[in-house]
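K.L.:
Spelled out from the first residue to the last, the chains are:
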Amino acid sequence: MDNKLNIKQAERKTLALSFADGLWDILFGGMLVLIGLSDTFQKAGWPVWMSYMPWLVYTVIGIAVFTLLKQRLVTPRSGMVKISLVRSKQRLTIFIVAIALQLITLVVFLLGSSGSLKSALSDTPVWLVDALFGLGVLVFFGVMAYATASNRFFLYGLFMGLALPLGVILREQGQAVTTHPQIAAGILIALIGGVVFVKFLQKYPLPAGEAQDGRI
Amino acid sequence: MAEFNEDLHPLADLDQVIHSQARLMVLTYLYVVDQADYTFLQNLTGLTWGNLATHINKLEEAGYVDVEKKFVGKKPHSMLKMTKAGREAFKAYKQQMQSVLNNLPD
Numbered sequence: 001m002d003n004k005l006n007i008k009q010a011e012r013k014t015l016a017l018s019f020a021d022g023l024w025d026i027l028f029g030g031m032l033v034l035i036g037l038s039d040t041f042q043k044a045g046w047p048v049w050m051s052y053m054p055w056l057v058y059t060v061i062g063i064a065v066f067t068l069l070k071q072r073l074v075t076p077r078s079g080m081v082k083i084s085l086v087r088s089k090q091r092l093t094i095f096i097v098a099i100a101l102q103l104i105t106l107v108v109f110l111l112g113s114s115g116s117l118k119s120a121l122s123d124t125p126v127w128l129v130d131a132l133f134g135l136g137v138l139v140f141f142g143v144m145a146y147a148t149a150s151n152r153f154f155l156y157g158l159f160m161g162l163a164l165p166l167g168v169i170l171r172e173q174g175q176a177v178t179t180h181p182q183i184a185a186g187i188l189i190a191l192i193g194g195v196v197f198v199k200f201l202q203k204y205p206l207p208a209g210e211a212q213d214g215r216i
Numbered sequence: 217m218a219e220f221n222e223d224l225h226p227l228a229d230l231d232q233v234i235h236s237q238a239r240l241m242v243l244t245y246l247y248v249v250d251q252a253d254y255t256f257l258q259n260l261t262g263l264t265w266g267n268l269a270t271h272i273n274k275l276e277e278a279g280y281v282d283v284e285k286k287f288v289g290k291k292p293h294s295m296l297k298m299t300k301a302g303r304e305a306f307k308a309y310k311q312q313m314q315s316v317l318n319n320l321p322d
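Sequence order for the protein chains is A and B. Reading the first sequence from the start, the letters are residues 1 to 216 in this note's numbering. Reading the second sequence from the start, the letters are residues 217 to 322 in this note's numbering.
Worth double-checking, as some hints may not be accurate.
Computed Cβ-Cβ distance ranges for the label pairs, DEER-style [what the hints assert, rightly or not]:
#1 A/201 with B/291: 35 to 45 Å
#2 B/291 with A/203: 50 to 60 Å
#3 A/194 with B/227: 46 to 56 Å
#4 B/318 with A/154: 31 to 41 Å
#5 A/50 with B/307: 56 to 66 Å
#6 A/8 with B/322: 25 to 35 Å
#7 A/170 with B/300: 54 to 64 Å
#8 B/303 with A/53: 48 to 58 Å
#9 A/131 with B/264: 45 to 55 Å
#10 A/158 with B/228: 52 to 62 Å
Where chain B lies over chain A, by a calculated footprint (3+ residues, C-beta under 8 Å) [what the hints assert, rightly or not]:
#11 9-18
#12 23-37
For the record, the hints were derived by calculation from the structure and aren't laboratory data. No residue lacks a Cβ here, since even glycine has one placed at the ideal position from N, Cα and C.
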């Protein structure tokens, strides 16, 4: 039995169990890989909008598969919980603000990549845009780690934090494709998510469940 | 005659329903969430199913926990929620214990 009855620790353990399955990691890692590959597709002559289609299709299918796996495999093992919005208000607010900022940063990054913001940002050094995006990513993962009480998100922030400047260095060196570090980070995150998922299935076997008459 | 520490009186008034390691653990986790099911609590507390059920029954009898029984598909599924009385009792217990521990001699 766990003898630590600190309320804050109880809160952290509750949140951590909700994100212990690794499915978010697999979903996000795959998204990173496909966003990185969009650069390769564009260099191969694909129109910008088409280069992001694999990412969009993966995201839509991925979320559907994610939801199904959560319902069929994860929740029966981890159990069901409704997190208190009142108690988690601070975490939730920070999480929502971080998501909103990250979405804004992503939109700016995508518009910048496609050249739509070229005239607006013509005087802005490219490395500055990348640095700001990288900072946004680091903040986002730090917030995810705090909000979900899952320390591995700090590691993902580190992967992304290394991938983005490496991409800038590759660009400065005149490399054709500069998103290989990002793709590598995505693969690492998805792989870690896969390992976490397998360990989760091993650690939390299916319980016998409640008897038909309501007894457990 | 030994000096009697009046600050230790709260020990005598401790809520015996809550003053059990297992039930205290269950209430601690229910305190930080809105609702949870048996599986979630079992994963967090490490109690056996039978043990958990026994303690949940005691808490339900005391009016500290509500057990909402329903069916998910064809399987029975119960969600547990701390009642208002349970939250008040838990807060009072926490304050009593803190007071007792703070006033313990070195």
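K.L.:
Next, verify each hint and record whether it holds.
P.N.:
Outcome of the hint check:
1. A/201 with B/291: 35 to 45 Å: violated, 20 Å
2. B/291 with A/203: 50 to 60 Å: Taking Cβ atoms as reference, residue 291 of chain B and residue 203 of chain A lie about 22 Å apart, which means the hint is violated.
3. A/194 with B/227: 46 to 56 Å: holds, 51 Å
4. B/318 with A/154: 31 to 41 Å: holds, 35 Å
5. A/50 with B/307: 56 to 66 Å: holds, 59 Å
6. A/8 with B/322: 25 to 35 Å: Once the Cβ atoms are compared, 26 Å apart, the range 25 to 35 Å for residue 322 of chain B and residue 8 of chain A holds.
7. A/170 with B/300: 54 to 64 Å: Given a distance of about 60 Å, which is inside 54 to 64 Å, the answer is holds.
8. B/303 with A/53: 48 to 58 Å: At 51 Å between Cβs, range holds.
9. A/131 with B/264: 45 to 55 Å: Holds, since residue 131 of chain A and residue 264 of chain B (Cβ atoms, about 54 Å apart) stay within the stated range.
10. A/158 with B/228: 52 to 62 Å: Check passed, 54 Å falls within 52 to 62 Å.
11. 9-18: holds (count 5)
12. 23-37: As far as the segment 23-37 of chain A goes, the hint is violated, because 0 residues have Cβ atoms under 8 Å from chain B.
In summary, the structure is inconsistent with hints 1, 2 and 12 from the numbered list given earlier, while agreeing with the others.
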